[in-house]
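Each chain, written out:
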Amino acid sequence: MTATIKILQANTTAEIRRSAQRKLWDFHGGVHPKFNKEMSNHHPIKIADIPTHLTVPLQQSIGQGAEPIVEIGEHVKKGQLIAQQTGKLSANIHAPTSGKVIKIAEKLIPHASGLQGLCVVIECDQKEDWGAHKLPPITDFENTEIEVLLERIQQCGIVGLGGAAFPTSLKVNAAEFHTSMHIDGNYRPKLETLVVNGAECEPYISCDDLLMRERSEQILQGIEILLHMLKPQNCIIAIEDNKPLAIKALEEVCANKNTIEVVTIPTKYPSGGEKQLIEILTGLEVPSGGRPRDLGLLCLNPGTIYSIYNAVINGEALISRIVTVTGNGIQNPQNMEVLIGTSFNHLAQQAGGYTNKADHLIMGGPMMGFALEEDTAPIVKATNCALFISSKELNESNSEYSQQPTLPCIRCGKCMDVCPVNLLPQQLYWHIRAKDLEKAVQHNLRDCIDCGCCSYVCPSHIPLVDYYRFAKTELREQAIANEKSSLARERFEFLQFRRERDKREREEKRAAHKAALQKKKAEAVKSNSDSNTEDPKQAAIKAAMERAKAKKLERQQAAEAEKQSAQEE
Amino acid sequence: MKFKNKTSPFYNSTSNVNGIMLQVLYALMPGTVVMCLFFGWGILFNIVLAIIFALALEAVALKLRKRPIMPFLNDLSAVTAAWLFALTLPPLMPWWIVFIGIFFAIIVAKQLYGGIGYNPFNPAMVGYAVLIVSFPFEMSQWINPNNPLLSFTESFTLIFSEATPEWDAITMATPLDEVKTELRAGTDYSTIVTQSPYLKSASNNTWLWSSLAFALGGAWLLYKKIIHWQIPAALLGSLFLISSVFYLFSPASFASPLFHLISGASILGAFFIATDPVSASTTPMGKIIYGGAIGLLIYIIRTWGNYPDAIAFSVLIMNMAVPLIDYYTQPRVYGQSKNNKDKQ
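For the protein sequence lines, the chains are A and B, in the order given. To convert, note that position 411 of the first sequence is 411 in the numbering used here; the numbers rise steadily by one, no gaps. To convert, note that position 212 of the second sequence is 781 in the numbering used here; the numbers rise steadily by one, no gaps.
Treat the hints with caution; some may be incorrect.
Here are the in silico distance ranges between beta carbons for each label pair [to be verified]:
{"id": "1", "chain 1": "B", "residue 1": "625", "chain 2": "A", "residue 2": "476", "range": "40 to 50 Å"}
{"id": "2", "chain 1": "A", "residue 1": "481", "chain 2": "B", "residue 2": "637", "range": "35 to 45 Å"}
{"id": "3", "chain 1": "A", "residue 1": "435", "chain 2": "B", "residue 2": "638", "range": "27 to 37 Å"}
{"id": "4", "chain 1": "A", "residue 1": "481", "chain 2": "B", "residue 2": "573", "range": "32 to 42 Å"}
{"id": "5", "chain 1": "A", "residue 1": "234", "chain 2": "B", "residue 2": "781", "range": "39 to 49 Å"}
{"id": "6", "chain 1": "A", "residue 1": "439", "chain 2": "B", "residue 2": "672", "range": "27 to 37 Å"}
From the structure, some residues in chain B lie toward chain A, with a derived Cβ separation under 10 Å [stated by the list, open to error]:
{"id": "7", "residue": "570"}
{"id": "8", "residue": "716"}
{"id": "9", "residue": "905"}
The set of hints was computed from the structure by calculation and includes no laboratory data. The C-beta atom is built at its ideal place from N, Cα and C for all residues, glycine as well.
Taking the hints into account, I'd like the entire structure generated from these sequences.
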């Protein structure tokens with residue numbers, strides 16, 4: 001189905017309102033779970049109270065964790081750099097408020113496996129004292145060099161706030177877009193479209209919705225900073241049609257902007273997946289293993305754009321974010337602006353505390369989020385939602401059968417029908433169960449986006465996506481093991497080569513030595529026979545022997561003569 | 570505070586296996602009712618007996634295999650298989666023949682392969698194939714629907730007593746049988762149609778009405794998205810096409826395409842039997858190949874083979890080809906194409 005959605009581009013100054021039809025495409029599959037966004041999207045964003053302590057994890061992006069540059073006992077100001085990024089994929093960490101560093105230690109972090117990670121614990125002084133740690137505002141960004149803006153984004157530790165936590169400075173690095181690319185037989189410009197991904201397709205989450213509604217001006221400024229930096233031909237703000245207020249707010253602020261379009265897309269999970277959104281907007285597919293950049297596109301989350309605005313215009317590092325606190329396990333579901341490092345528990349208290357239905361704590365949404373066992377874990381840059389929810393509510397759509405056990409796959413193909421990337425989940429499942437990862441790879445396991453639609457619809461209640469996650473992890477580990485073993489093999493082969501080479505060299509040396517000796521000997525013999533003279537020593541011995549012989553003979557003759565003379569007498 | 574652990578997605582949709590099977594059973598209702606109206610209590614006896622035997626055998630097999638019994642009886646797959654199997658039997662089958670068929674369907678074709686989800690062959694069709702090979706006479710005794718229907722007690726006695734009914738008095742050949750025999754005898758197809766008690770008028774044609782009723786059920790399954798359109802469309806399409814080719818080539822010596830579509834179990838097979846998800850092809854393209862090949866085989870076996878109907882053998886033959894078909898018909902995955910064309 002191809003939906004054409006009316007978008008409004010109004011030029012109020014010229015009093016011309018022209019409406020354009022933008023063609024939209026649909027992606028394969030997808031599901032329509034209960035979205036339950038109305039639970040949290042009726043209240044304005046609340047600024048959460050500062051807790052007594054903040055636990056700031058040093059690993060809040062992909063890549064390596066940042067390295068702490070503060071000491072225990074040190075007093076830090078709000079916005080002060082407390083940990084320095086340690087690699088390209090790492091990001092700076094700043095103090096979310098002023099206070100005293102009381103601990104730098106391994107603490108529980110929000111992680112699917114309940115892992116611990118190095119954290120800086122700050123005892124908040126409740127003064128919110130920035131000291132000198134606000135960076136100089138760059139209000140005239142249009143006359144500022146791109147490198148300066150890029151450096152600011154990097155300094156401020158901005159990462160993708162949609163959940164991936166990829167360092168934004170790498171994503172918006174214009175240098176990456178300098179070369180034209182050959183696509184579809186046409187040369188496309190370096191960056192054709194900047195896509196603001198306001199789809200927010202996960203159920204329950206409404207933080208981007210509220211941000212776009214309340215801070216549309218700031219988001220627009222953020223977009224303009226990016227337009228200046230990246231110079232795309234146009235910008236699309238894509239929002240699902242279940243967020244009419246956000247659409248209206250952005251349409252209003254973008255009314256005079258000819259290059260910025262607000263596009264309403266149909267509500268369907270996972271339309272907010274980068275690849276799916278690109279398909280909806282352009283009908284193009286990001287090549288397998290490639291990136292949107294390969295199509296001349298760049299997708300950013302509104303939250304990320306807001307933090308870019310904040311970093312450039314206000315000089316503030318990324319130290320807080322909007323988090324949706326929702327679910328039937330919480331008294332007053334709503335969105336809050338929260339300092340990074342605030343515990344989930346504090347968040348729950350800020351939202352009126354728990355009800356008796358808080359069975360699960362999910363970071364993120366119910367489709368792709370992960371469960372936390374402890375509410376002492378802190379909010380991180382990637383936390384878009386804290387969902388406190390009862391088991392019953394999760395299974396409500398399924399209450400009759402929630403107790404049903406997992407049954408074998410009957411190959412009904414429902415998973416295939418909903419897979420947004422058109423995989424055959426039933427066949428993948430079959431091969432992974434048989435531990436035939438090679439076959440799973442042949443069935444394009446690597447293109448799976450972990451969206452969970454297959455598990456969602458499975459009538460046998462098989463946790464399909466868990467099998468794919470397992471298999472992908474297994475493949476990664478195999479790849480690492482392969483790399484290790486091939487390295488070891490290379491080393492071993494080199495060792496053998498070296499040993500053989502040494503041996504060969506030694507033997508060659510010996511052979512050469514031997515040959516030299518023999519040659520010398522041969523030469524000596526040759527020179528002897530050539531001169532034909534006897535060895536002087538031999539000659540001396542001979543002469544001595546002859547002399548001795550002669551003497552002996554003389555003595556014998558003398559003795560015989562004496563004998564004879566004696567007989568004669 | 571401690572929270573429960575679980576992996577995403579935390580949501581589940583409402584679909585479940587017994588819900589799917591239940592929809593299939595609903596969809597079988599109209600056809601079953603029509604068959605009962607034409608053939609009497611015998612059809613109902615077949616269904617009830619088959620279901621009882623199937624559940625009992627399934628329970629025994631699960632017990633022997635040390636599997637939980639209730640979840641697997643609840644999934645209704647045994648009931649569905651038994652019901653489909655029963656619909657292929659002529660009414661007034663002796664109970665023990667029904668039992669033998671069900672034994673092969675449930676024990677041999679299903680449980681010995683690992684139960685639901687693991688059977689490479691369609692269990693109902695395995696049961697049918699065993700019976701058609703072993704009891705060809707009993708399997709062809711379809712009651713003459715023009716006779717007054719037998720009462721409940723008469724049917725009961727015929728099914729459970731040792732007495733052999735006077736078959737000739739109450740049964741007659743099915744249209745498929747009749748047409749095949751007559752065509753082989755050299756009778757012109759148009760003559761057969763005017764003489765056949767079934768075919769001469771639409772109201773007399775039991776098979777037409779039951780086929781329409783099963784098609785209604787099939788439409789329900791499509792509407793409820795229990796089955797995909799590919800298998801029924803390809804099966805009926807290829808059956809129609811090949812029979813049209815031969816019929817146009819020689820209308821006197823080949824049956825009409827319409828006759829093939831509404832006779833025997835074409836419609837039941839297309840919507841309910843070939844679509845059994847476990848043993849059928851699973852990819853969209855594979856389903857078209859699978860359904861199309863079954864349609865072709867049905868025509869070949871019906872026209873030149875010796876069996877009264879051909880659904881069972883066609884389905885079983887194609888079941889064997891499923892792994893191959895599935896492997897070579899994988900759909901193109903997102904981002905995998907070489908020329909990333911705009912979809913217009």
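Hint check:
1. B:625 with A:476: 40 to 50 Å: Once the Cβ atoms are compared, 49 Å apart, the range 40 to 50 Å for residue 476 of chain A and residue 625 of chain B holds.
2. A:481 with B:637: 35 to 45 Å: Hint holds: Cβ distance 38 Å, inside 35 to 45 Å.
3. A:435 with B:638: 27 to 37 Å: This hint holds: roughly 29 Å between Cβ atoms.
4. A:481 with B:573: 32 to 42 Å: 34 Å, holds
5. A:234 with B:781: 39 to 49 Å: Since the Cβ atoms of residue 234 of chain A and residue 781 of chain B sit about 56 Å apart, the hinted range of 39 to 49 Å is violated.
6. A:439 with B:672: 27 to 37 Å: 35 Å, holds
7. 570: Since the shortest Cβ distance to chain A is 5 Å, the answer is holds.
8. 716: 41 Å, violated
9. 905: Result: holds, 5 Å to nearest chain A Cβ.
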